[in-house]
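Student: Spelled out from the first residue to the last, the chains are:
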Amino acid sequence: MICLRLLCFSFAILSLLFAGRPVFAEDTIKLAYTDPFSGPFASGGDEFLKNFQFIIARKNAAGGALGRKFELVPFDDKLQPAEALIALKSMTDQNIPFVMHCTGSNVGAAMIDAVSKHNARNPDNRILYLNCGALATELTNEQCDFWHFRFAGSVDMRAAARIKALPADLKKVYLLNQDYLFGQSIQHDTKKWLAKLRPDIEIVGDELMPFGKVQDFAPYVAKIKASGAQSVVTGNYNRDLNLLIKAANDAGLDVRFDTFLSHLIGGPTAIGAAGENRLTSIMEFNSNIAVDLKVPAAEQFANDWRGSGHDTDFSALNFVTMIDMLTDAINKAGSTDPLKVALALEDMHEKDLLGQDTIMRKDDHQLLMPYYAGVFSKDVKYDAEHTGFGWKNYMTASAADLTLPTICKMKRPE
Amino acid sequence: MEIVLVSLLNGLVYGMLLFMLASGLTLIFSMMGVLNFAHASIYMIGAYLAFTISQFAGFFPALIIAPILCGLLGAGIEIWGLRRAHVNGHIAELLFTFGLVFIIGRSVQMVWGMLPMAYRVPQLLDFPLFTFYGAHFPAYRGFMLLVSAGMLAATWVLLKKTRVGMIIQASLSHPQMASALGHNVPMVFTLVFAGGCALAGLAGVIGGNYQTTEPGMADAMGPIVFVVVVFGGLGSLMGCFIASILMGMIQTFAVVINASLLDVVKPLGITLTGDNLFTEFMTVPVARIGALLPFVLMILILLFRPRGLMGTRDT
Chain A
1 MICLRLLCFS
11 FAILSLLFAG
21 RPVFAEDTIK
31 LAYTDPFSGP
41 FASGGDEFLK
51 NFQFIIARKN
61 AAGGALGRKF
71 ELVPFDDKLQ
81 PAEALIALKS
91 MTDQNIPFVM
101 HCTGSNVGAA
111 MIDAVSKHNA
121 RNPDNRILYL
131 NCGALATELT
141 NEQCDFWHFR
151 FAGSVDMRAA
161 ARIKALPADL
171 KKVYLLNQDY
181 LFGQSIQHDT
191 KKWLAKLRPD
201 IEIVGDELMP
211 FGKVQDFAPY
221 VAKIKASGAQ
231 SVVTGNYNRD
241 LNLLIKAAND
251 AGLDVRFDTF
261 LSHLIGGPTA
271 IGAAGENRLT
281 SIMEFNSNIA
291 VDLKVPAAEQ
301 FANDWRGSGH
311 DTDFSALNFV
321 TMIDMLTDAI
331 NKAGSTDPLK
341 VALALEDMHE
351 KDLLGQDTIM
361 RKDDHQLLMP
371 YYAGVFSKDV
381 KYDAEHTGFG
391 WKNYMTASAA
401 DLTLPTICKM
411 KRPE
Chain S
1 MEIVLVSLLN
11 GLVYGMLLFM
21 LASGLTLIFS
31 MMGVLNFAHA
41 SIYMIGAYLA
51 FTISQFAGFF
61 PALIIAPILC
71 GLLGAGIEIW
81 GLRRAHVNGH
91 IAELLFTFGL
101 VFIIGRSVQM
111 VWGMLPMAYR
121 VPQLLDFPLF
131 TFYGAHFPAY
141 RGFMLLVSAG
151 MLAATWVLLK
161 KTRVGMIIQA
171 SLSHPQMASA
181 LGHNVPMVFT
191 LVFAGGCALA
201 GLAGVIGGNY
211 QTTEPGMADA
221 MGPIVFVVVV
231 FGGLGSLMGC
241 FIASILMGMI
251 QTFAVVINAS
261 LLDVVKPLGI
271 TLTGDNLFTE
281 FMTVPVARIG
291 ALLPFVLMIL
301 ILLFRPRGLM
311 GTRDT
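First to last, the sequence lines map onto chains A and S.
Residue numbers 1 to 414, in our numbering, belong to the letters of the first sequence in order.
Residue numbers 1 to 315, in our numbering, belong to the letters of the second sequence in order.
Calculated from the structure, these hints are not laboratory results.
Every value quoted in this text rests on a predicted model; they were computed, and no experiment measured them.
Accuracy of the hints is not assured; some may be wrong.
With a straight-line cut-off of 25 Å between C-alpha atoms, the simulated DMTMM-like cross-links for lysine to aspartate or glutamate are [stated by the list, open to error]:
| # | chain 1 | residue 1 | chain 2 | residue 2 |
| --- | --- | --- | --- | --- |
| 1 | A | K362 | A | D401 |
| 2 | A | K213 | S | D219 |
| 3 | A | K411 | A | D347 |
| 4 | A | K378 | S | D126 |
| 5 | A | K409 | A | E346 |
| 6 | A | K192 | S | D275 |
| 7 | A | K78 | A | D179 |
| 8 | A | K191 | S | D275 |
| 9 | A | K225 | S | E2 |
| 10 | A | K191 | S | E280 |
| 11 | A | K225 | A | E202 |
Incomplete in silico selection of chain S near chain A, CB under 7 Å [as the list claims (entries may be wrong)]:
| # | residue |
| --- | --- |
| 12 | H136 |
| 13 | T212 |
| 14 | V255 |
No residue lacks a Cβ here, since even glycine has one placed at the ideal position from N, Cα and C.
Use the sequences and the hints to build the structure in full.
Tutor: Below you can see the structure in the form of structure tokens.
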């Protein structure tokens, strides 16, 4: 049909036109950012993109780095290592010196390997991998690399905070995690810290479940009930967590959910009243912590985020730390050359948005930062996602508390 | 004993949820030979429409209106899309519905955003119906069972006992003859497709607030629904029903089985050491791979009996 053919033809032409990147002034510092922007995990990627646009706009307004502005260049990796590597090729073709990535340890591991190999083979076109959210502990231990900097707490750090934040009268826990790199990392480190810090707690169940495949959590709830657990400690997130809590609520099962990631975007909305006073999580930031620690600047920052047309809560404090440290490193190194910037980033001390001390450790390129435990409650100033419930801060673990040993032995260039 | 009874009940309820979704797909697949990849996407649209309608009119009007809208959407897809693709064969129809998955998925994200919607179970049905071995059985689950059973009964009666059903069956097995006798065969095709989509929409209305309403729900439910349809066999609603219940039971019971293959052969005195693939294969507990068992079954049935359990036409 001639109409259809014309339509297809115009689509093809339009997509070619938009495939070319708009040409900015040459003196911007390009920051590539890759995450899933399509598919089931797009909500996270989309939100982080908006976070970065907000943070970078403020940084540019304050002068940028070396008098140049930052330019964000997004790439969709669809949470697939293969797609991320294709994006990486595109980034290095465009001579972009920095790549940020925040979702998926599977992608993170692939990126570390690819960046390392690329930088070894192309010393004149290097790229630095700034990791803002691939959390598996291995990435700054067994798989650590000079060209990789992690600006988010590893699973190990979060597990330490998580176990510290368990109530003193808790005696029986059930471990339930997703069966992939991240979930297994959580399982391993949770057990390690339980043995170290809370040997009085009995692990009455230790289970791995298929990642993102389970539709009906009623059998898991039945198992948890049969085990007599008082709390479920889980690294599940998104659908795997929301459906679990809904099922437990439906069955009238009265357990705590001491989670790692229930504060992630979409969680509070999906869980709702079912989580009141029994859902806890370990997080980098929420507005109530700013109130608790009496840091009005941070509270204002989060309110500015809301005020600039965003309907979600600001929680990406480590992104702010990352951009701040990057800016300072570029200024200190006097260039955007990845090697010089990497050397400047090592051992950098920075005060984060809440005025807390953070250190980018030289041994493993892991950011040592604080984590906060929050309980889902009505008794807060700021609620989460307009649900009427928010995260009430009840425990703080400082960067010093979460400074953990590493087995990293990275090969340094030259 | 308790665990068996509890799992039986849970498996039945989950199986009926699967059937709700799969019934529309099997109708379309077995009657038109069109593999509608976008079936789970229509399910998602049903859930989102129900959420939006329930914001203004409440849950029960949404229960009626959303499936009708999905049916109309299905009719539109059939008239302006599938009918054209049909000329070029089954593969073309398949690719068309495959493309629809992406279009619908992205459209939903553009219209409603990427985050889950606060689509909740209506207050009227949000109470425990009875207590079974200490666990509550929510009234809403009972409502879901009722709706699924109603869908099965209504569809079966429509197809086997009414004049419309007779015309549909005739048009689909002998289109030229039915057309020669004066029936509007293309309209029958549209009707069947729209009906299947309406069923998917109804499943979405019921399932959307029970699970979560988010853009990823189509990708989550899609694969298991296909497994059910293929396993149950093409041309058979009863086969689809049996397959759904079977898959529901298998997935539910698998979760409570903590044993592995090695535990089965242990009495024979066999032990395994070493960190290799074979050991891993033998020692993985069934609970860990429970959600994957339906797919294993699908592979087996395609190998040994491609028609499915009660199929009346070839894949």
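Student: Hint by hint, say whether it matches the structure.
Tutor: To see whether the hints hold, each was checked on the structure:
About 18 Å separates the Cα atoms of A:K362 and A:D401, which keeps this hinted pair within 25 Å; it holds. A threshold of 25 Å between alpha carbons decides the hint, and for A:K213 with S:D219 the separation of about 10 Å falls inside it, so the pair holds. Proximity of A:K411 to A:D347 is assessed by CA-CA distance (about 17 Å); at most 25 Å being required, the pair is judged to hold. Between A:K378 and S:D126 the alpha-carbon distance is near 21 Å, which keeps this suggested pair within the 25 Å criterion.
For the hint pairing A:K409 with A:E346, the CA-to-CA distance comes to about 15 Å; that is within 25 Å, so the pair holds. Annotation: proposed proximity of A:K192 to S:D275 holds, straight-line Cα distance about 21 Å (limit 25 Å). With a CA separation close to 19 Å, the supplied pair A:K78 and A:D179 stays within the 25 Å bound. The hinted pair formed by A:K191 and S:D275 meets the criterion: a straight-line CA distance of about 21 Å does not exceed 25 Å.
Distance hint between A:K225 and S:E2 is fulfilled; the C-alpha atoms sit about 12 Å from each other, no more than 25 Å. For the given pair, A:K191 sits about 21 Å from S:E280 by alpha-carbon distance, which is consistent with the 25 Å threshold. For the suggested pair A:K225 and A:E202, the alpha carbons sit about 15 Å apart, so the restraint of at most 25 Å is met. Checking S:H136 against chain A by beta carbon gives a least distance of about 4 Å; that is within 7 Å, so the hint holds.
At its closest, the beta carbon of S:T212 sits 5 Å from a beta carbon of chain A; the interface hint therefore holds under the 7 Å criterion. The beta carbon of S:V255 is positioned within 7 Å of a beta carbon in chain A (closest approach about 4 Å), and the interface hint is therefore held.
Consistency note: the structure conflicts with none of the earlier hints.
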